[in-house]
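Protein chains: 2
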Amino acid sequence: MSTEFLKVARAAREAAAELAPLPRAPKDRALRAVADSLVARAAEIVEANAADVEQARERGTSEAMIDRLRLDEARVGVIAEAVRQVADLPDPVGEVIRGSTLPNGLELRQVSVPLGVIGIIYEGRPNVTVDAAALCLKSGNAVLLRGSSSAYSSNTALVRIMQEALQETEVPAGAVQLVPGLTRDSVKELMRARGLVDVLIPRGGASLINSVVEESTVPVIETGVGNCHVYVDADADPDLAVQILVNAKAQRPSVCNAAETFLVHADIAETFVPRALAALGEAGVTVHGDERIGRFGEVVPVTEDDFYAEYLSLDIAAAVVGSLEEAVAHIRRYGSGHTDAIVTRSQRAARRFVSMVDSAAVAVNASTRFTDGGEFGFGAEIGISTQKLHARGPMGLPELTSTKWIYTGEGHLRTSEGTVIARSAD
Amino acid sequence: MSTEFLKVARAAREAAAELAPLPRAPKDRALRAVADSLVARAAEIVEANAADVEQARERGTSEAMIDRLRLDEARVGVIAEAVRQVADLPDPVGEVIRGSTLPNGLELRQVSVPLGVIGIIYEGRPNVTVDAAALCLKSGNAVLLRGSSSAYSSNTALVRIMQEALQETEVPAGAVQLVPGLTRDSVKELMRARGLVDVLIPRGGASLINSVVEESTVPVIETGVGNCHVYVDADADPDLAVQILVNAKAQRPSVCNAAETFLVHADIAETFVPRALAALGEAGVTVHGDERIGRFGEVVPVTEDDFYAEYLSLDIAAAVVGSLEEAVAHIRRYGSGHTDAIVTRSQRAARRFVSMVDSAAVAVNASTRFTDGGEFGFGAEIGISTQKLHARGPMGLPELTSTKWIYTGEGHLRTSEGTVIARSAD
Chain A
1 MSTEFLKVAR AAREAAAELA PLPRAPKDRA LRAVADSLVA RAAEIVEANA
51 ADVEQARERG TSEAMIDRLR LDEARVGVIA EAVRQVADLP DPVGEVIRGS
101 TLPNGLELRQ VSVPLGVIGI IYEGRPNVTV DAAALCLKSG NAVLLRGSSS
151 AYSSNTALVR IMQEALQETE VPAGAVQLVP GLTRDSVKEL MRARGLVDVL
201 IPRGGASLIN SVVEESTVPV IETGVGNCHV YVDADADPDL AVQILVNAKA
251 QRPSVCNAAE TFLVHADIAE TFVPRALAAL GEAGVTVHGD ERIGRFGEVV
301 PVTEDDFYAE YLSLDIAAAV VGSLEEAVAH IRRYGSGHTD AIVTRSQRAA
351 RRFVSMVDSA AVAVNASTRF TDGGEFGFGA EIGISTQKLH ARGPMGLPEL
401 TSTKWIYTGE GHLRTSEGTV IARSAD
Chain B
1 MSTEFLKVAR AAREAAAELA PLPRAPKDRA LRAVADSLVA RAAEIVEANA
51 ADVEQARERG TSEAMIDRLR LDEARVGVIA EAVRQVADLP DPVGEVIRGS
101 TLPNGLELRQ VSVPLGVIGI IYEGRPNVTV DAAALCLKSG NAVLLRGSSS
151 AYSSNTALVR IMQEALQETE VPAGAVQLVP GLTRDSVKEL MRARGLVDVL
201 IPRGGASLIN SVVEESTVPV IETGVGNCHV YVDADADPDL AVQILVNAKA
251 QRPSVCNAAE TFLVHADIAE TFVPRALAAL GEAGVTVHGD ERIGRFGEVV
301 PVTEDDFYAE YLSLDIAAAV VGSLEEAVAH IRRYGSGHTD AIVTRSQRAA
351 RRFVSMVDSA AVAVNASTRF TDGGEFGFGA EIGISTQKLH ARGPMGLPEL
401 TSTKWIYTGE GHLRTSEGTV IARSAD
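Sequences listed follow chains A and B, in order.
First residue of the first sequence? That's 1 in UniProt numbering, and the numbers climb one at a time after it.
First residue of the second sequence? That's 1 in UniProt numbering, and the numbers climb one at a time after it.
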């Protein structure tokens, strides 16, 4: 590992040890100091950002992408406000999750504690740099940030300003670190830093996430790949189903909880599909349908790749199925385990679908778009986990914690005959 | 991947889908049928085991190891009884962990669900084959078992009998699978079976666990490596401290929650160390001490390797420290994050130690030997996790589950202006 990387990783590790036992008040004060400093030094941030924007222009980046990258004073203000909102959230650390006095008198408690050092690999806008840092600090964790090289100048300025703000607080400034370097090597170092980094959270497209899962020896929480389905059951109200489908697909097609496939029970296809095709067409959606969908209107012939696809665009795959079981089998085969919805009036069908679909979230008579930390009332979200270990679905502050068992006795010894209490000779 | 491996892995995956939605009653009936069958076919098991024992003898295996491998009818009875005890435990699946009606009327629930397919790699006695299978079935998971090649004949018989017993029940027989083959290749296949296997739990020594963590693309729960410490604070009752130390080290030195190092505050060294050396010597323990420990009696000079060692024998490393902070720094550096104990009369010292030591369990005035699923009242234990993701410390049935979010509406759509309820035209 490069000495630059080891330096920041060790600094984060030391800071994590100092930060973990801090109670809520000093952490909140530090977050508010960070927010104030971001606002006070907005001009400096905008200037650093201008260099990234200029470079992106030279590279011929699209205007849409440049707009995602660009920071102005107003956007810096929004970023700072989000930090204040994190300060207002309850502290996820120190919660007694389980606890009892054991039959032998040992007092046992399981308490939430920070994870330690969290590595975040992300492609997105520079606001992720501050959002992720705020969530990690609030949950008592140090953070190693590895953002997009296209935002390196912005991220460098943001991290420097956060560190300098923390210097005036009880939170160690070393708790927020930017991984040095612009090349893929720095991502590799982060992935091999087992023992220095406790968990890696990649945020981005499927290829980034897959490469991290393949190569990392640090435990990974996978996030955000969403091949979501809407299944319209034989018993569905067709009008409700059309509106849920159009909302799930078209309200914001670029996000992971947007629908990418719809499945229709054969018994309702004749009623539902023509209306669905009309409404989707009106919303500008291209339908990639199987032959039985194609009977009711113009569609692009669907391929198996379409069923696997996370389009993130105004495209949707579609198929007619013979039964709820067939729909579930399709979802299990092609889905990404993010969110799958059923539209039905049947209590029994809803119950069966919910129990058989193996996804982070299952929606009944609701758009898939509600799978979101904000909608669930978490106040903040670090990502949406599509894996099964540790966290599944939207991850808020509690998902950035682990636990510790604490047991207190008065000289409790374990013997083959049971517990014995040691007695002092005094 | 070999076709043999794919065959069992896919069979487990299919069985998992069928098993996951089953409620408690059919799972318990199946476990009791397995227990009955093990007892009824004990002679068959003992015969298969005799082949393993004979082979072990030919290889010159020690009598102690052969005793761990050997099964007789009485031991089979004990194994079957453990299966019945698992049947008596509460079902960890289907618990509503969080739930509320959101402001927009969506009914949101987070429910515990099985993980899916669990791979277990273990070195131990053949009883682990049945114990692990019972815990996985009870928690609604299918299991791929990869035991020691030295117990292959026993394990084959045990799995065949379990599968045949399941055939008469509602639990699919494919839910219990032995990974075919005796070579390291079959372990490799298990580690690379991402998408087929949801989690791997290696149970065994540090080298097995490290190699699985390094090579696996399937998420891993690390278990069982314990370099546990007893720290004797300046304020400790020396008699209590001696008894806790001897119990932690010598009551059962071969287990992961046995102590491997003790640290003594300099202020109490003169009172404590001579008594500790005498009591440890009486218990047959060799002390590997630093120079300051050596002032009070005969010790083997300690090396840095000793501080890292998980002896699992009647050996213990020892050092004098200048402060509680120095003890914590030592534990953070050399410890394995399993269990560390403080002996003290000071409330403040206990509080500081508990908050600063970053381990799965922290004991106050109690032996480290209590970190155990049985002692914690879990009824059963699949291992002790020394990592921070998903599960930390003793793992019972709830640690073999994940969660699923379920939300139910009546046509809930997400718009930029908030939730809108779709209305039917009817």
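Do not rely on the hints blindly, as some may be mistaken.
Copies of the same chain look alike in the list, so a pair counts if it works inside one copy or between any two.
Capping the alpha-carbon separation at 20 Å, the derived lysine to aspartate or glutamate pairs in EDC-like fashion look like this [said to hold, decoys possible]:
{"hint": "1", "residue 1": "7", "residue 2": "325"}
{"hint": "2", "residue 1": "188", "residue 2": "4"}
{"hint": "3", "residue 1": "7", "residue 2": "164"}
{"hint": "4", "residue 1": "7", "residue 2": "123"}
{"hint": "5", "residue 1": "188", "residue 2": "123"}
{"hint": "6", "residue 1": "7", "residue 2": "72"}
{"hint": "7", "residue 1": "188", "residue 2": "44"}
Don't read these hints as lab results, they were simulated from the structure.
| message | When the structure is checked against the list of hints, which entries are broken? Sort them ascending. | response | Numbers 1, 4, 6 and 7, in rising order.
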